Amino acid sequence: MNKLTLPLKKEEIRALKAGQSVLLSGIVYTARDAAHKILAELIKNRKKPPVSLKNITIYYAGPAPSPRNQVIGSCGPTTSARMDIFTPALLRSGVKAMIGKGRRSKEVKDSIIKYKAVYFLAPAGCGALLSKKITKKKMVAYKNLGPEAIYELEVKDFPVIVGIDSKGGDIFKKRRRPR
Amino acid sequence: MKKLPVSDITKLISGLCIEANVDLRPDLKKAISGALKREKSKSAKGVLRLLLENAAIASKNRIAICQDTGMAVVFMEIGQDVRLVGGSLKNAVNKGVKDGYKKGYLRKSVVRSPIVRENTKTNTPAILHTEIVRGKAVRVWVMPKGFGSENKSKIRMLNPSDGEKGIIDFVTRAVKEAGPEACPPFVLGVGIGGTFDHAAGLAKKALLRRIDKKNPDLRSRALEKKIMDKVNSLGIGPMGMGGKTTVFGVNILSSATHIAGLPVAVNINCHATRSAYGVL
Chain C
1 MNKLTLPLKK
11 EEIRALKAGQ
21 SVLLSGIVYT
31 ARDAAHKILA
41 ELIKNRKKPP
51 VSLKNITIYY
61 AGPAPSPRNQ
71 VIGSCGPTTS
81 ARMDIFTPAL
91 LRSGVKAMIG
101 KGRRSKEVKD
111 SIIKYKAVYF
121 LAPAGCGALL
131 SKKITKKKMV
141 AYKNLGPEAI
151 YELEVKDFPV
161 IVGIDSKGGD
171 IFKKRRRPR
Chain H
1 MKKLPVSDIT
11 KLISGLCIEA
21 NVDLRPDLKK
31 AISGALKREK
41 SKSAKGVLRL
51 LLENAAIASK
61 NRIAICQDTG
71 MAVVFMEIGQ
81 DVRLVGGSLK
91 NAVNKGVKDG
101 YKKGYLRKSV
111 VRSPIVRENT
121 KTNTPAILHT
131 EIVRGKAVRV
141 WVMPKGFGSE
151 NKSKIRMLNP
161 SDGEKGIIDF
171 VTRAVKEAGP
181 EACPPFVLGV
191 GIGGTFDHAA
201 GLAKKALLRR
211 IDKKNPDLRS
221 RALEKKIMDK
231 VNSLGIGPMG
241 MGGKTTVFGV
251 NILSSATHIA
261 GLPVAVNINC
271 HATRSAYGVL
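Residue numbers (the numbering used here), protein chains in the order written: chain C, 1 to 179; chain H, 1 to 280.
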């Protein structure tokens, strides 16, 4: 299986094709509804976000609390579509990769092509399994949001599938009939 | 008259919150294994294997199956020969949820106001449904309901002339729109009849039935099969990557309704359909 280290290089992103399985290692930042709303607002007002968005990977996730002796609780992807209205602004600001679940809007797909980014799918509803691929967790911003805060996570061989590639190839557009 | 301290209810609910979130229901495990045998596509098989592996890791490490440990929906059947003592039932239920979510390291996903959206940090208030029944038992079901699938649930006031076909078409459309976001394969709770609110309540309650247990109502059982066949022919499949298994089960609860109406509600639940039961 294809192994990649984050942040992704331009040519690595270009080579990815929808449907391909990849293991990711490196740093990702969690952000979901509330954090996206704040980040989009900051971008609009030309203020500095709490983390540099340049080349980062965003993971749409709100982890469960870390049990004793475990790095993190259950931590799977949330529905990406709720972030769609904020995503073009974030891609314009330098975000290169997103990890989530489900389909995206046309606007998001167009922005992915425009900014040469990539959208990955993580196995949905497998938060327990994915928590074992996370080796570090650090609170970065908006602690008061609880599970919606921004966390910096270090992942190791985190399993994803390319959902939308940088040319606009979309895994959900090639829906097959049951065999 | 039997006296029951509400603190017993708190203790029971706390434990049920953890059990429901950590141990995947046996009927769901069975459904995943069954689908694994039926599916031919590599991607569908791969996803189903991950689901089993995920359930095993959750159980072994005592962590949540899914990080969305839901809003806690509590169903209670309270025997009319029981007297609850020692405080308010509602507070006791909420304390049970608060304790369970803290002790089980479960995510707190409840915001106080739908507009202001400030996290209560306790996963309370819970949604509480109570019914007074005969006898002196108190039965409790805890259903942690995740919102990836809740958001895709729908209700429709059909016309009586729409009949079974109308119901099947409505549910099928809802599943199609839910797609990969709501974490298929789903379990569908379908409430038919009653009033607007009652149909939705029935749809939620229907999810408590084990999907390997047959519906005692024969007409509903036949309709469940028709819906299941139709929906599984959509080909959405596990994680929406294509396959024969788009739903694991369809559970119908129906009720008397008005001469002018045919309310139908479908409560979509993800492959981690969770609930736990206890009795006092």
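Treat the hints with care, as some may be off.
To be verified - If you want the footprint, here are the derived chain C segments under chain H, 3+ residues with CB under 8 angstroms:
id	stretch
1	10-16
2	49-55
3	58-67
4	73-86
5	94-108
6	146-160
The hints are simulated quantities; they were obtained by calculation from the structure and are not laboratory data.
Every value quoted in this text rests on a predicted model; they were computed, and no experiment measured them.
All C-beta atoms, glycine included, are put in the ideal place defined by N, C-alpha and C.
Do the hints match the structure? See the list:
Counting residues of the stretch 10-16 of chain C whose CB lies closer than 8 angstroms to any CB of chain H gives 0, so the stated coverage by that chain is violated, three being the minimum. Using a Cβ-Cβ cut-off of 8 angstroms, 0 residues of the stretch 49-55 of chain C lie near chain H, which falls short of the minimum of three, so the contact claim is violated. Under a criterion of three residues with beta carbons nearer than 8 angstroms to beta carbons of chain H, the stated coverage of the stretch 58-67 of chain C is upheld, 7 such residues being counted. Given a C-beta distance limit of less than 8 angstroms, the hint that chain H covers the stretch 73-86 of chain C holds, as 8 residues qualify and 3 suffice.
With 3 residues carrying a beta carbon less than 8 angstroms from a beta carbon of chain H, the stretch 94-108 of chain C meets the three-residue requirement, and the given coverage holds. With a cut-off of 8 angstroms between beta carbons, the stretch 146-160 of chain C has 3 residues touching chain H; three or more are needed, and the interface restraint holds.
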